[in-house]
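Enquirer: Following the hints, complete the assembly by docking chain B onto the known chain A.
Spelled out, the chains give:
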Amino acid sequence: MTATPLITPDLVAIDLVAKNREEATRHLVNLMAAAGRVTDADGFYADVQLREAQMATGMPGGVGLPHARSAHVSVPSLAVAQVPGGVDFGAPDGPATLVFLIAAPASGDADHLKILAALARKLVHESFRTSLKEAPDAQTVSDIITREVVTP
Amino acid sequence: MKFVAVTSCPTGIAHTYMAAEALEQSGKAAGHEVVVETQGSAGSTPLDPAIIAAADGVIFAADLEVQQKERFAGKPTVDVGVKKAVHDAPSVIAAAVAAVEAGPPSGGAAAPVAVAREPEKPAGWGTRIRQYLMTGVSYMIPFVAAGGILIAISFLLASVAWDENGAIEVTNVDQSILISGFEWGNLQHWSVLFLAVGGTAFGFLVSALSAYIAYAIADRPGIVPGFVGGVIANLVGAGFLGGIVTGFLAGFLAHWLATRNVPKGVRGVMPVVVIPLVSTMITGFAAYLIIGPPMKAVNDGLTEWLNGFSGTALIALGVILGLMMCFDLGGPVNKVAYVFAVTGLANAGGDVGSTEAKIMAAVMAAGMVPPLAIALATVLRPKLFSEAERETGKAAWLLGASFISEGAIPFAAADPFRVLPSMMVGGAVTGGLSMAFGAGVLAPHGGIWVTPLVGKPFLFLLALLAGMVVSAIALVFAKGIGRNPQEEELEAAESVEALMHN
Numbered sequence: 001m002t003a004t005p006l007i008t009p010d011l012v013a014i015d016l017v018a019k020n021r022e023e024a025t026r027h028l029v030n031l032m033a034a035a036g037r038v039t040d041a042d043g044f045y046a047d048v049q050l051r052e053a054q055m056a057t058g059m060p061g062g063v064g065l066p067h068a069r070s071a072h073v074s075v076p077s078l079a080v081a082q083v084p085g086g087v088d089f090g091a092p093d094g095p096a097t098l099v100f101l102i103a104a105p106a107s108g109d110a111d112h113l114k115i116l117a118a119l120a121r122k123l124v125h126e127s128f129r130t131s132l133k134e135a136p137d138a139q140t141v142s143d144i145i146t147r148e149v150v151t152p
Numbered sequence: 001m002k003f004v005a006v007t008s009c010p011t012g013i014a015h016t017y018m019a020a021e022a023l024e025q026s027g028k029a030a031g032h033e034v035v036v037e038t039q040g041s042a043g044s045t046p047l048d049p050a051i052i053a054a055a056d057g058v059i060f061a062a063d064l065e066v067q068q069k070e071r072f073a074g075k076p077t078v079d080v081g082v083k084k085a086v087h088d089a090p091s092v093i094a095a096a097v098a099a100v101e102a103g104p105p106s107g108g109a110a111a112p113v114a115v116a117r118e119p120e121k122p123a124g125w126g127t128r129i130r131q132y133l134m135t136g137v138s139y140m141i142p143f144v145a146a147g148g149i150l151i152a153i154s155f156l157l158a159s160v161a162w163d164e165n166g167a168i169e170v171t172n173v174d175q176s177i178l179i180s181g182f183e184w185g186n187l188q189h190w191s192v193l194f195l196a197v198g199g200t201a202f203g204f205l206v207s208a209l210s211a212y213i214a215y216a217i218a219d220r221p222g223i224v225p226g227f228v229g230g231v232i233a234n235l236v237g238a239g240f241l242g243g244i245v246t247g248f249l250a251g252f253l254a255h256w257l258a259t260r261n262v263p264k265g266v267r268g269v270m271p272v273v274v275i276p277l278v279s280t281m282i283t284g285f286a287a288y289l290i291i292g293p294p295m296k297a298v299n300d301g302l303t304e305w306l307n308g309f310s311g312t313a314l315i316a317l318g319v320i321l322g323l324m325m326c327f328d329l330g331g332p333v334n335k336v337a338y339v340f341a342v343t344g345l346a347n348a349g350g351d352v353g354s355t356e357a358k359i360m361a362a363v364m365a366a367g368m369v370p371p372l373a374i375a376l377a378t379v380l381r382p383k384l385f386s387e388a389e390r391e392t393g394k395a396a397w398l399l400g401a402s403f404i405s406e407g408a409i410p411f412a413a414a415d416p417f418r419v420l421p422s423m424m425v426g427g428a429v430t431g432g433l434s435m436a437f438g439a440g441v442l443a444p445h446g447g448i449w450v451t452p453l454v455g456k457p458f459l460f461l462l463a464l465l466a467g468m469v470v471s472a473i474a475l476v477f478a479k480g481i482g483r484n485p486q487e488e489e490l491e492a493a494e495s496v497e498a499l500m501h502n
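Protein chains in written order, with the numbering used here: chain A, 1 to 152; chain B, 1 to 502.
Possibly wrong hints are sitting among the right ones.
Derived DSS-like pairs: lysine-lysine, alpha-carbon spacing no greater than 25 Å straight-line [what the hints assert, rightly or not]:
{"hint": "1", "chain 1": "B", "residue 1": "LYS383", "chain 2": "A", "residue 2": "LYS19"}
{"hint": "2", "chain 1": "A", "residue 1": "LYS122", "chain 2": "B", "residue 2": "LYS28"}
{"hint": "3", "chain 1": "A", "residue 1": "LYS122", "chain 2": "B", "residue 2": "LYS2"}
{"hint": "4", "chain 1": "B", "residue 1": "LYS394", "chain 2": "B", "residue 2": "LYS383"}
The hints are simulated quantities; they were obtained by calculation from the structure and are not laboratory data.
Chain A with its partners taken away, still in its complex shape (with noise of 0.2 Å):
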């Protein structure tokens, strides 16, 4: 494992509020940007936007996923927002609760990205959902995920 975590709770946004999948996603583009994780928010921002435009990464369960490989990304990061009053990721379900936010650098090392492939097939569970939904702060989330997917 490499020396920077996944996840960090200066990654996590509890109860954000916000319009739409692109006020949300900024937000957490912003919180890596200052984590120091994205070298250029802006670009990686629209690399997101690029990839949500290709297919909508809004999933059953109330999720939304946006993620890109990109070459903005300094360290594989993963940001989350509850979102509780819900924001539309164009899943035929409903609006999203729960938004995560992937950042894998352009020339990812394999390690970080079976983790995020860890994550992924983690997201179809229920259980897993549900608990960081439920999560009352930012350092439970991302003991969770380090908990769950880092460190099985």
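Expert: Then chain B, alone, in the frame of chain A:
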């Protein structure tokens, strides 16, 4: 039951794995075993051949071309997008079970190389035939685009290099000068060079169509008999209709051969010797002896029928061709009209005033309408289009101006029932007007760049402009269907106004 599945998605870091997990879990819940190969960024571990061999059925939940698809040939297959598996894995599993119960694919055809993905169960025969055809056409288009534009450039150069009738003179030059006497400073030679290269690329039209139809059906084994059959179809004058037939014949034949159970000793030489030899021999014989003559008759008959038009009927022909050009934007109907016009040029006798040249002009103008009209619509009513579409709209100006009707496909694919009829209206207007004006052109491609070669260039442009505006307004109207009608009327009135002012 036992299933193997392949998942993939454009980015390869999320949906690939979500789909895999969802399929595994849903399969388990329904009492089936699902083993998934994730073709994603974290590297792909190929499925054990023994597992594939033991599987009852195959699930492709892939947005990218499945790698090494031939491993799964001959098994009942469902082919869905990755999103379908993420969103509704249980129904994908159910579809796979149904496919297995329906037995192995009839006629030995495995899953089609899907151009338009069917989100539901395995595609029916009609859909599959269409997918094979569209795969062939989509591989053929770049040959036509490259060749057509090079030819157009050649004609442009020729019109400068010769004092008069350059576009005709250039076709009469013996192309052996390119090898034996090319002069670097001679513009005439350069135009011959462009024509030779462009003509070569364009000459692949029928053979590439045939080859890639066969490829869509049989994967790699289809390519050799498909190409050979297509070249022969071209040679015997069976045209692209003949090429379509040889493509299907070659594809099904190669696929049938590739899925035979043969003794172990022979298996090794099947793909390198037996399949290409047998499939090429049969397809080639059939192309000369069986397909050639009747397809040539059909092709000739169609051409003769269209050539029978005159006077008012000629305008009607322009309308029909315009409709055909815009009906499927580079699909088979469009190609019938286009190839009819291009092959007709052979009979034009180098005369811009000939019927054949007029047909070519009408077809070219009508084919330019869709991308241009859409580009215009994105400017007139940007709110009706997504940001991505508006960006695509900018490129559509250039594609339309270059007579590449396919530039409208991104829009038509997203909203066919509004876009295609709107385009056909304008195409009909342009086709009819161009005929009525008597504009003629001898260049088979090139769009606005060959306008200097058109007889009556200004009327040609006027016909184009009229259809473009009609289609753009029709599209703006059509996009409003299903929205507040009153608001829409206002908007449409505004857009007409905006046009007047421009």
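Enquirer: Now, for every hint given, state plainly whether the structure supports it.
Expert: Going through the hints against the structure:
1. For the hint pairing LYS383 (chain B) with LYS19 (chain A), the CA-to-CA distance comes to about 19 Å; that is within 25 Å, so the pair holds.
2. Restraint check for LYS122 (chain A) and LYS28 (chain B): the C-alpha separation of about 16 Å stays at or below 25 Å, so the hint holds.
3. A hinted pair counts as satisfied when its Cα atoms are at most 25 Å apart, and LYS122 (chain A) with LYS2 (chain B) qualifies at roughly 23 Å.
4. For a cut-off of 25 Å, the pair hint linking LYS394 (chain B) to LYS383 (chain B) stands: about 15 Å separates their Cα positions.
In the structure shown, no violation is registered for any of the earlier numbered hints.
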